[in-house]
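Those sequence lines, one after another, are chains A and B. Once you know that position 325 of the first sequence is 325 in the numbering used here, the rest is easy, because the numbers rise by one and skip nothing. Once you know that position 176 of the second sequence is 176 in the numbering used here, the rest is easy, because the numbers rise by one and skip nothing.
What the hints contain is simulated information worked out from the structure, not anything from laboratory work. Treat the hints with care, since some could be wrong.
DSS-like cross-link-like pairs, simulated, lysine-lysine; straight-line CA separation at most 25 angstroms [unchecked claim]:
{"no.": "1", "chain 1": "A", "residue 1": "K363", "chain 2": "A", "residue 2": "K401"}
{"no.": "2", "chain 1": "B", "residue 1": "K76", "chain 2": "A", "residue 2": "K6"}
{"no.": "3", "chain 1": "B", "residue 1": "K76", "chain 2": "A", "residue 2": "K91"}
Okay, the calculated bits of chain B under chain A, using three or more residues with CB under 8 angstroms as the criterion [what the hints assert, rightly or not]:
{"no.": "4", "segment": "74 to 80"}
{"no.": "5", "segment": "103 to 115"}
{"no.": "6", "segment": "338 to 346"}
{"no.": "7", "segment": "371 to 385"}
{"no.": "8", "segment": "421 to 435"}
{"no.": "9", "segment": "438 to 450"}
Residues of chain B clear of chain A, computed beta-carbon distances all greater than 12 angstroms [to be verified]:
{"no.": "10", "residue": "D24"}
{"no.": "11", "residue": "R307"}
{"no.": "12", "residue": "A332"}
None of the values given here were measured: they were computed from a predicted structure. Even for Gly, the Cβ is constructed at its ideal location relative to N, Cα and C.
Protein chains: 2
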Amino acid sequence: MDMSKKIHLTEAEIPTHWYNIMADMPNKPLPPLHPGTKEPIGPEMLMPLFPMELIKQEVSSDKYVEIPDEVRDIYKIWRPTPMFRAYQLEKALDTPAKIYYKYEGVSPAGSHKPNTAVPQAYYNKMEGVKRITTETGAGQWGSALSFACQMFGIECEVFMVKVSYEGKPYRKIMMNTWGAQVFSSPTNLTEAGRKILSQDPNSPGSLGIAISEAVERALMDDSTKYALGSVLNHVLMHQTIIGEESIKQLEKAGDFPDVVVAPFGGGSNFAGISFPFLRYKLEGKRDIRCVAVEPASCPKLTRGVFRYDLGDTVGMTPLIPMYTLGHNFVPAPIHAGGLRYHGAGAIVSQLLKDNIIEAAAIKQLECFEAGLTFAKTEGIIPAPEATHAIAQVIREAQQAKEEGKSKTILFNLCGHGHFDMASYEQFMSGKLVEHEVTQEEIIASLAELDTPEIG
Amino acid sequence: MDMSKKIHLTEAEIPTHWYNIMADMPNKPLPPLHPGTKEPIGPEMLMPLFPMELIKQEVSSDKYVEIPDEVRDIYKIWRPTPMFRAYQLEKALDTPAKIYYKYEGVSPAGSHKPNTAVPQAYYNKMEGVKRITTETGAGQWGSALSFACQMFGIECEVFMVKVSYEGKPYRKIMMNTWGAQVFSSPTNLTEAGRKILSQDPNSPGSLGIAISEAVERALMDDSTKYALGSVLNHVLMHQTIIGEESIKQLEKAGDFPDVVVAPFGGGSNFAGISFPFLRYKLEGKRDIRCVAVEPASCPKLTRGVFRYDLGDTVGMTPLIPMYTLGHNFVPAPIHAGGLRYHGAGAIVSQLLKDNIIEAAAIKQLECFEAGLTFAKTEGIIPAPEATHAIAQVIREAQQAKEEGKSKTILFNLCGHGHFDMASYEQFMSGKLVEHEVTQEEIIASLAELDTPEIG
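Please model the entire structure based on the sequences and the hints provided.
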């Protein structure tokens, strides 16, 4: 049994397959619908946007999908990622709980996002795609895709939400360094962008607008496709490399988690670490709790509704069965930019609906407090997104202490905070404000929805 | 033999000892002199500044010094660091050379500096020190010491050069996150600072002034000591953990370098990776070239003189036998802030004097070009300091190609560039300027020296 702080895997131990939880779900997600006709859409309708192999993965019910050697070769730049036992945090909390964390911040982009960016770039390359478009908010996904495209020699175009483009120049430069073109969205390059600009030349942009622009651009020619960093089934599946490695690492420590915790934006971070463990539950072999932690200011899992909704604001994406706050919901400007999304992916939504997973919503100040505690005990400064998981872990550890019971907690430290120091300064100087969302605001946003309900 | 991209070590393989090259040097460095009397100083004179254990290490001739368990425990947060075979870079250069790199950017502070910050904080803690003062320029050393002090519960005060304090706020916040107090130097807290401010209230500060302030502050009470991030013998020795790990990793790959390359500021980065390999040369077992790469704008090794000089500008430090450009030399504002230092440590200087190591000076634009090539091939964005090593590696690899001979090259990728994206933007947009230093400037700076020459 490995009692050390860091649990290693060798390069040869990088998993050979992703896990597709679809195969084990008692209730499969409902099909996506066409935004116009509201009829179920077939895989062929996705062909203008994605390469065939990714579309196959999107609808696959195979339990395991083999990771191509070329993808594993790039993974080797930062994988296997380390797993740590958080001895110092445990001591500071004086808890009987054992806390482990998987650290994805060692990737070149500093987050877990390259886990799916690399295979997406690879499958596009294999099918002759010359250019990939995407959107990015805080910049983590755009960075990851830029890196991945550079590795396979594909052009990358990123539509970056204007307010981030101006406020987070370093993320933009990072993308440029990997050869990507980055546009401040809304742009004049697309119909969607021009429409917004004609209404409001000073529009700060939004993720919804940026998605519309990237999709429109991808539709303009056959050798250009589109890529998304979360929500979709194949994206979540690529991230299961995190959980598959974690299982091997905990085996070496002679342990298995009672609870797995991860931040929740669109679902890829949470799915990545938790789905491989959920397999044991779905197979009836182990009981395990998996907790998705969302910001209290964007509470789709805990206060949203389960119905069909759009992935973007303009209506260019299919309707997806999801927990949503409504596609016009504008999340408050919290610093965990990666969690500011109105809806959840279809698989995660179905699992929550079926009470197979849990959700929690935590306010920004508690999260930063937890992040600071973590930096001061474990030494790594977490990204604001990751602090949501830490805050929940601290709650779980304190509960274990109160109950006088040990338990094993695993969480996903999905990225470092080296690009987010300004938000830490705001917190430490007492300037970080709490963002509440009222029940009236949620009801008002949901009232605008004319998308199909789920019976 | 391990043919994989990444060569792993387990936590149990973290070296148990640092290597003290002093034991093997054919000519030992000359002793430091008192700045006033110009007489050799004994260890006891360093006691107001450093804990006894570090002073012992500073003058030790023991070949190996054991790493305390408490230090190894903190090292485990990021050590062993990975070593990579740079297959993609080799391919892009079409070279017969084999290129390996040791990646120190995975530490919590993003550079190799915590390797010495942690033992320095530890030995201070053991001797009852309550507070450590230091200076920082670009912020890498200050971040590392803040992290280390936090791990051992010691207060940390950082005097950060004003121009960096204002221009690199994120590094400052990082230090605050680890609980350190950061002052914009010159301050009103010290005699040295007040003197500068009375002459020039808008002084941008300098590393020399910041050192003077930190030293003065440490002398104010018995429970406060001072720490330095490079130059001194014990600092260089702590960094040999890099080379000791590298030896084990290359053994697994069945390889041994023909040449080891590292950036050169004060010497800790270069010493860290090269000294353990130099041991084989000094023991007569292997021939090996070790190349220290400095910026062409701060060329103490290639164009400086070997004589006694001060470590700071004000004259509070001992006189050290070094290659120097003169302690009043003001390096151009290049982006590799960690390499902007007028002198080299005593050990490295003696080794260069004795032709046991080599030095090269490379201009800023060639370095950034090399950094960009590296980011686009290997995927990791290097810190500006690290690009100096990469530029030299590319020269070596091209030479190997011209000569049609294979050789094995190892270099130290001492940190990531996530805090340095602005400099990459300047480079990519063609705005980065070259800084030349004329022979007249060097002669003028050296002419001011009234420090003892070395016969």
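Now the hints, each set against the structure:
With a CA separation close to 22 angstroms, the supplied pair K363(A) and K401(A) stays within the 25 angstroms bound. Of the supplied pair hints, the one linking K76(B) and K6(A) holds, its CA atoms being roughly 7 angstroms apart against a limit of 25 angstroms. Taking the CA atoms of K76(B) and K91(A), the gap is near 17 angstroms; set against the 25 angstroms cutoff, the hint holds. With 3 residues having a Cβ less than 8 angstroms from any Cβ of chain A, the segment 74 to 80 of chain B passes the three-residue criterion, so the hint holds.
Proximity of the segment 103 to 115 of chain B to chain A, defined as three or more residues with a beta carbon under 8 angstroms from a beta carbon of that chain, is established by the 3 residues found. Taking a C-beta to C-beta cut-off of 8 angstroms, the segment 338 to 346 of chain B contributes 0 residues in contact with chain A, too few for the three needed, and the coverage statement is violated. Beta-carbon proximity to chain A at under 8 angstroms applies to 7 residues in the segment 371 to 385 of chain B; the threshold of 3 is reached and the given coverage holds. Beta-carbon proximity to chain A at under 8 angstroms applies to 5 residues in the segment 421 to 435 of chain B; the threshold of 3 is reached and the given coverage holds.
Chain A is given as covering the segment 438 to 450 of chain B, and this is violated because 0 residues of the stretch bring a CB closer than 8 angstroms to a CB of that chain, at least three being needed. Against the 12 angstroms criterion, D24(B) stays outside the reach of chain A, whose nearest CB is about 32 angstroms from its own CB. Non-interface status of R307(B) relative to chain A is upheld: no Cβ of that chain comes within 12 angstroms, the nearest being about 40 angstroms off. With a least CB separation of 22 angstroms from chain A, A332(B) remains clear of the 12 angstroms interface cut-off, as annotated.
Comparing the model with each earlier hint shows violations of hints 6 and 9; every other hint is respected.
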